[in-house]
Amino acid sequence: PGNNLRRGARRAAPWPVRPVAYALALQIFNPALSLQAQETTVFRSGDHGYASYRIPAIIRHNGVLIAFAEGRVHNAADFGDNDIVYKTSTDGGRTWGALHTAVDNHALQASNPAPVVDLLDPRHPDGRIFLFYNTGNAHEHDVRQGKGLREVWYITSTDGAATWSAPVNITAQVHRPEQPRLNAAYNFPADWRTYANTPGHGFQFITGPHKGRLYIAANHNAGDPQPGNKDWNAHAYYSDDHGRSFHLSDNVPYAGTNESTAAQIGTDAVYMSSRNQRLWPRQRIISVSQDGGRSWVSSGPDPQLPDPVNQASVLSWLQDDSFILAHCNAADGNARNKLTLRLSKDGGKTWYLSKMIAEAPENHQGAYTAYSDLVRTGNHALGVLYEKDNYARIVFAEVGVE
Numbered sequence: 296p297g298n299n300l301r302r303g304a305r306r307a308a309p310w311p312v313r314p315v316a317y318a319l320a321l322q323i324f325n326p327a328l329s330l331q332a333q334e335t336t337v338f339r340s341g342d343h344g345y346a347s348y349r350i351p352a353i354i355r356h357n358g359v360l361i362a363f364a365e366g367r368v369h370n371a372a373d374f375g376d377n378d379i380v381y382k383t384s385t386d387g388g389r390t391w392g393a394l395h396t397a398v399d400n401h402a403l404q405a406s407n408p409a410p411v412v413d414l415l416d417p418r419h420p421d422g423r424i425f426l427f428y429n430t431g432n433a434h435e436h437d438v439r440q441g442k443g444l445r446e447v448w449y450i451t452s453t454d455g456a457a458t459w460s461a462p463v464n465i466t467a468q469v470h471r472p473e474q475p476r477l478n479a480a481y482n483f484p485a486d487w488r489t490y491a492n493t494p495g496h497g498f499q500f501i502t503g504p505h506k507g508r509l510y511i512a513a514n515h516n517a518g519d520p521q522p523g524n525k526d527w528n529a530h531a532y533y534s535d536d537h538g539r540s541f542h543l544s545d546n547v548p549y550a551g552t553n554e555s556t557a558a559q560i561g562t563d564a565v566y567m568s569s570r571n572q573r574l575w576p577r578q579r580i581i582s583v584s585q586d587g588g589r590s591w592v593s594s595g596p597d598p599q600l601p602d603p604v605n606q607a608s609v610l611s612w613l614q615d616d617s618f619i620l621a622h623c624n625a626a627d628g629n630a631r632n633k634l635t636l637r638l639s640k641d642g643g644k645t646w647y648l649s650k651m652i653a654e655a656p657e658n659h660q661g662a663y664t665a666y667s668d669l670v671r672t673g674n675h676a677l678g679v680l681y682e683k684d685n686y687a688r689i690v691f692a693e694v695g696v697e
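In this text, residue positions in the sequence shown follow our numbering: the first is 296, and each later residue adds one.
It should be emphasised that the hints constitute simulated quantities derived from the structure, not laboratory data.
Fair warning: there could be bad hints in the mix.
Said to hold, decoys possible - Straight line, CA to CA, 27 Å or less: simulated DSS-like cross-link-like pairs of lysine-lysine:
1. K644 x K506
2. K525 x K442
3. K640 x K442
It should be emphasised that the depicted structure is a prediction, and the values quoted were computed from it without experimental measurement.
Turn these sequences into a full structure, and let the hints steer you where they fit.
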């Protein structure tokens, strides 16, 4: 893996992209959530030599939005010649600059971008961006059968994503593969096979005894495939020394948990929202930690959060000395549709605000809205970066939160 630029993705001065606005089908559950801006297309399938763009992730650093995605060269398949690409916006998401490449794993897979900004490292007072990602040398089906390898890496930037460091391999610290023939360090009896970050951003603890901790939700499968996909399990990894070393959390105590995102909801508390790979119930699996995300005190389906076996994004922030939690997913148990944003003041026990961001028109076939990620764009607004129109586009919309 490396940082090679390709397919017209170059580190030139950003060129303005004319925003393409589309009407949103909105269902307002609470008037306190309002749409502030029409959606803007950030990535469009077929542009810049990529057949498809998928798996959005977004952060804000020094007022600049940085939107990441997988650029898939030949088709929309998860495995293949996939790069990690990004664009930036300096005007709150109204326009987006040139396409850049962060990771190019040559003809193989680079995937699952999980960016997070470390704002608490005294060596980098302006903040340092971490971009965690995965690489793979075989299709997920083969990896799950023990016939391939997924690895975990990160790169960093101290200049707002203008340039990136050399990649750092942290697989032996945060993964448990049993592949000693490929690497002597990969000799773990746990025999984790598939592995994926998030999808979406990671987070940093901003208060409490774990202040400064970088935290990335992830998932894996262990050993041979099991009935009901119970070989899947969510977990997380974290660093307390600004990326010098990493540690694994316990597995979430609910077998079949897959793609996951997490947020801080208290001094020591972490909220994790996971895809239910058991396929039933069609609800998010919610896990809560009370020790900084190392172990889990509860885990199970949440009937308040219907889900069609899909990804979800979460984000939290401090407001008046308490955490506000945002959750966004395709809130439809039957299809990837009805992208819905919810807000909670009690760590996800209840939701005091809810708004549908986009709903498919009548008789629409396929995935109207799928994966998403959240970012704060200001004191009273959130940005939503999400897949739309059967994965034809990744779009950005800003939602006012009053």
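Inset, instruction - Run the structure past the numbered hints and jot down the numbers of the failing ones, going up. - result: 3
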